[in-house]
Amino acid sequence: MQSSLSGLFKKRKAPILGIDISSSAVKLLELSRQPTGFRVENYAVEALAQDSVVEKNISNVEAVGEAIRRAVKRSGARAKHAAVGVSGSAAITKVIAMPSSLSDEDLEVQIQLEADQYIPYPLDEVNMDFEVLGPSEKNPNMVDVLLAASRSENIDLRVAALELAGLTAKVVDVEAYAMENAFALLGSQLPDNFNDMTIAVADIGATMTTLNVMHNNQIIYTREQVFGGKQLTEEIQRRYGLTYEEAGMAKRQGGLPDNYIPEVLQPFKEAMIQQVSRSLQFFFSSSHYNSVDYVVLAGGCASVPGVDELLESHLGTPAAIANPFANMSLASRVKAQALSNDAPSLMIACGLAMRSFD
1 MQSSLSGLFK KRKAPILGID ISSSAVKLLE LSRQPTGFRV ENYAVEALAQ
51 DSVVEKNISN VEAVGEAIRR AVKRSGARAK HAAVGVSGSA AITKVIAMPS
101 SLSDEDLEVQ IQLEADQYIP YPLDEVNMDF EVLGPSEKNP NMVDVLLAAS
151 RSENIDLRVA ALELAGLTAK VVDVEAYAME NAFALLGSQL PDNFNDMTIA
201 VADIGATMTT LNVMHNNQII YTREQVFGGK QLTEEIQRRY GLTYEEAGMA
251 KRQGGLPDNY IPEVLQPFKE AMIQQVSRSL QFFFSSSHYN SVDYVVLAGG
301 CASVPGVDEL LESHLGTPAA IANPFANMSL ASRVKAQALS NDAPSLMIAC
351 GLAMRSFD
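Residue numbering for the sequence shown follows UniProt numbering, beginning at 1 and increasing consecutively.
A couple of the hints might just be wrong.
For lysine-lysine, the following DSS-like pairs were computed, each having C-alpha atoms within a straight-line distance of at most 25 Å [stated by the list, open to error]:
no., residue 1, residue 2
1, K269, K230
2, K94, K138
3, K335, K80
4, K335, K73
Derived from the structure by calculation, the hints contain no laboratory data.
For clarity, every value in this text was computed on a predicted model and none was experimentally measured.
Put together the whole structure using the sequences plus the hints.
Structural data, given as structure tokens:
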């Protein structure tokens with residue numbers, strides 16, 4: 001095949017580090033599989049210099065590589081292999097039908113021949129991979145094949161950042177698939193019959209908000225938009241005359257004037273709810289759905305106190321804060337409270353780390 005999306009669909013057995021490169025931080029997670037389930041072996045969150053990553057595109061590979069190196073050191077992880085993700089807007093995925101009689105080798109050749117029908121870029125500028133999903137419902141003589149592709153530049157920058165930190169990229173995944181993997185761990189936070197429900201996962205990060213709508217544990221809709229916690233940081237900076245770094249620290253640690261909550265934080269929380277509501281309206285207008293059964297909040301902004309209750313009251317829909325580690329054991333070096341605080345923002349890193357155990 002032209003080139004692999006760095007083993008997107010290949011199965012891994014050796015533990016690998018899940019590394020989520022977001023707009024504001026590098027998030028690292030290592031899991032192991034125990035007889036009772038997964039265990040968190042190592043994790044770290046390392047802040048990125050401002051504008052190192054802009055709307056999920058790496059603009060300063062050296063700064064990102066250095067942040068990954070610091071995260072590895074801080075976590076104590078010794079694994080040298082990693083999985084990273086590219087955003088949904090940087091990836092193209094398409095389910096195509098192929099004759100079931102084709103061998104894997106013939107299938108690869110056929111997809112290579114037909115790929116330019118589905119990918120709007122020159123094939124020598126993309127990385128591709130595919131996975132056979134199973135027999136086609138429409139034709140028993142065909143199989144459904146998931147084709148995934150991304151511009152090589154998106155992948156090369158992530159691979160280069162890992163290499164600067166002394167790591168090797170074993171898997172480059174699509175962030176939506178990583179979120180889908182981690183979603184399967186949220187069962188204890190959701191009703192018993194959640195597999196039959198339509199559940200929205202709103203991942204609100206520093207600069208981007210991604211809405212994934214799940215049904216039967218699979219993503220049926222994705223929408224990305226520019227909105228995130230950076231806007232709160234910038235308002236704190238403007239309102240109180242702080243540097244951007246000081247504002248970010250104050251946002252996390254407190255100590256702001258009494259008017260911060262009513263005049264700055266509350267309006268931001270209401271803006272968050274409006275963004276989620278607007279994304280849901282786009283979903284409803286583009287599908288046969290007119291409601292969701294549950295909303296899960298993920299990303300760094302999900303840690304804003306009371307945002308789940310505000311969302312419930314506004315939408316009239318039950319809401320929960322994502323914690324994929326609720327039923328995991330922790331290695332002795334992992335601090336439970338710190339992990340709990342960071343859990344909503346570690347969904348993608350968790351889904352990436354789980355690629356070790358496919």
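Structure-based check of each hint:
no., hint, result
1, K269 to K230, "holds (13 Å)"
2, K94 to K138, "holds (16 Å)"
3, K335 to K80, "holds (23 Å)"
4, K335 to K73, "holds (16 Å)"
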